[in-house]
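Whole structure, please, built from the sequences with the hints as guidance.
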Amino acid sequence: MSASLAAPAAAKGAWLEGWLAQLPAACGELAPVQERGRQALRQTAIPSARHEDWRFTDLSLLQTLPLAPAAAATAALPAPEAGAFRLHWNGGSDPLAGHALPAGLQRLSAGEIAQGLGHTLAAAGCQQHWPVELNHAAAEHVLALRVTSRSQVSLELVSAAAEGLQALRLLLLLEEKAELDLSQLVEAQAAGLHSLVVEVHLARGARLSHGLVALGQADAALMANMAIEQEPESNAQLSSITSGWGLARLEPRAVQVDGAAHTTLRGLQLVDGQRIADTHSFVEFKGPEGQLDQLHKAVAAGQGRSVFNGAVRVPRAAQRTNAAQLSRSLLLSDRARIDTKPELEIVADDVKCAHGATVSSLQTDELFYLQSRGIGADQAAGLLQRAFCEEVLRDLPAAARSWCSLERLLEVAA
Amino acid sequence: MIRPDAPVLLEIRDLHARVEDKAILKGVNLTIRAGEIHAVMGRNGSGKSTLSKVLAGHPAYTVTGGSVTYRGENLLELDPEQRARIGVFLGFQYPVEIPGVSNLEFLRVSTNARRAEKGEEELDTFAFEDLVRERLKVVQMDPAFLDRSVNEGFSGGEKKRNEILQMALLEPLVAILDETDSGLDIDALRIVAGGVNQLANADNATLLITHYQRLLDAITPDYVHVMAAGRILRTGGKELALELEQRGYDWVDQELAALAAEVA
Ligand SMILES: Nc1ncnc2c1ncn2[C@@H]1O[C@H](COP(=O)(O)OP(=O)(O)OP(=O)(O)O)[C@@H](O)[C@H]1O
Ligand SMILES: [Mg+2]
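Here the protein sequences line up with chains V and P, keeping their order.
Residue 174 in this note's numbering is what sits at position 174 of the first sequence, and the numbering runs on without skipping anything.
Residue 1012 in this note's numbering is what sits at position 12 of the second sequence, and the numbering runs on without skipping anything.
Derived from the structure by calculation, the hints contain no laboratory data.
Any given hint could be a false lead.
[Claimed, not checked] Here are the computed lysine to aspartate or glutamate pairs in the DMTMM-like style, where the Cα-Cα straight-line distance is at most 25 Å:
id, chain 1, residue 1, chain 2, residue 2
1, P, K1118, V, D378
2, V, K177, V, D293
3, V, K341, V, E391
4, P, K1022, V, E366
5, V, K177, V, D395
6, V, K286, V, E343
7, P, K1137, P, D1203
8, P, K1022, V, D365
9, P, K1137, P, D1185
Predicted model only: the values in this text are computed from it and were never measured.
Here's what the structure looks like:
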């Protein structure tokens, strides 16, 4: 841990001390992890503007949030897609109880959990990140599953919560050539803090499409870390859609352990009012011939604030890497703020790394063209916004796609 | 078709407009009655597109004087969308590409906006598909264009056909077609002109902005106007276009100079 993180007493935050003090003693399968997380939170400062990675992201909302464990709530969702397996999961009780798992999906044993838990977080370099330690401190269970070799599974995880703290921890192992479509909903229906940590290990030739739809509200915060470790020839797509959170921090992280894999990252964040959404992504190629295709989009209205930081690390071993990163932001108000920054660290010489960032507002000529055909100004703006978002939405796994109509996203955002 | 007793659809009186600080329209007068076809010609930069955009309500142009009355109503105080809904249509010289917005949905939403204004029921996706398939025939357009984004990657000629398809769906009372003939090949010109003729009737009117006689060979205008330096300098019948084709615009400069001398 770097010296700069040593905590002056004040920066630790009375709210955090208070919360830690009243937590029940660590227990259950995650007891050692809980101990560790609580210890870490006691010893480190809450991230603030003084930390480079948190420069634009003010965490003061957290101190106002209710942190008692949240009760599950019901999400208004269409019926599961045909052939998909849907689990309601609030981090507390075992979501698999009473379910027969579909073919190709298995529960990990206690031994496998002990061995696998934290492995990918460490590989992706985020096991000590503050949001991860927060999850460590709070999560009582881990949902740990394997997709067996050559099976194809379509899984839906639905986590809607009432007031309070929802801490979700997910561990997935995809065996060789296993395929998983994972649609995940995290929804705050009242004030609270939602913590999500996902670890996925993809064996050779495995394919993952993960779509996170996270719908919040102004007095709710989301801290999400999604870490994946990819063996060669695997294909992973991480997509996240966030709207409505007073504060959302997402850290999608992918490591290609030997290169030669394909990583696709998609992000869409909508901010309005005083809300903040911050995505810090990280991709590392530890071997040659890896590919990255990344598109991050933001729509900022009101006094909303959107932050994107895209780190890509291409060390000497990663020759012939082909990486493309694009950040596109739509600025709908002159009081909204967008901070976007690529962070390419390229040591290998024979690589293609393209990156670009654009910030634009709605085009007058496009609006006028639509209006000149009788479409009202608001509806025209809506069509253009949807067109902007569609590029990310269309790549979501089917179920996740069906959960986030633009109408819903905008309704939540405002 | 000229009928002196036909109702006036559009009455433009001494219209002045500027863009930023530049005065462009400097006193346009024009009266359009039901059943008429008007052609506006004139040099590049004379203000033809500006006139069309001012009529459609483009926010970049500011009206600084004069009036425009559409069927007795002050057109200039209406939003662009309201002008379209009550039957004013602008076929763009440069149709705008809108990536990500489906052409089919765009056409449906706009058609329904116009229908609602006329008190007609909204068409659901199925009913609209039927209607659009029928109207595609007016411009002999491939239905595949419906599945693409609005004008995105359309060739110049395809964009112009898409404009006339929109006109066929919206059934305007006053259609202003700004250089709809530019970018069309010979066959497409014939098809598009045929479409415009098919849509013209005794109750509506068309204002064609064009540089070339070949469009007016296919669509016979009742009036031809020559625009210069932001106003209509001369009005005549279809023979005026033929005269322009032969004489060019040099005489326009002389008339403008004479006008300027008069004022001085
Ligand atoms: N948005 C604008 N900003 C600056 N100048 C403009 C703008 N729109 C029009 N103009 C200027 O106004 C004048 C008239 O332009 P307009 O497009 O109306 O001409 P036009 O008669 O349609 O020409 P063309 O035959 O080439 O289409 C031109 O000098 C043009 O440069
Ligand atoms: Mg023009």
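Review point. Okay, which hints does this one fail, numbers in order?
Key: none
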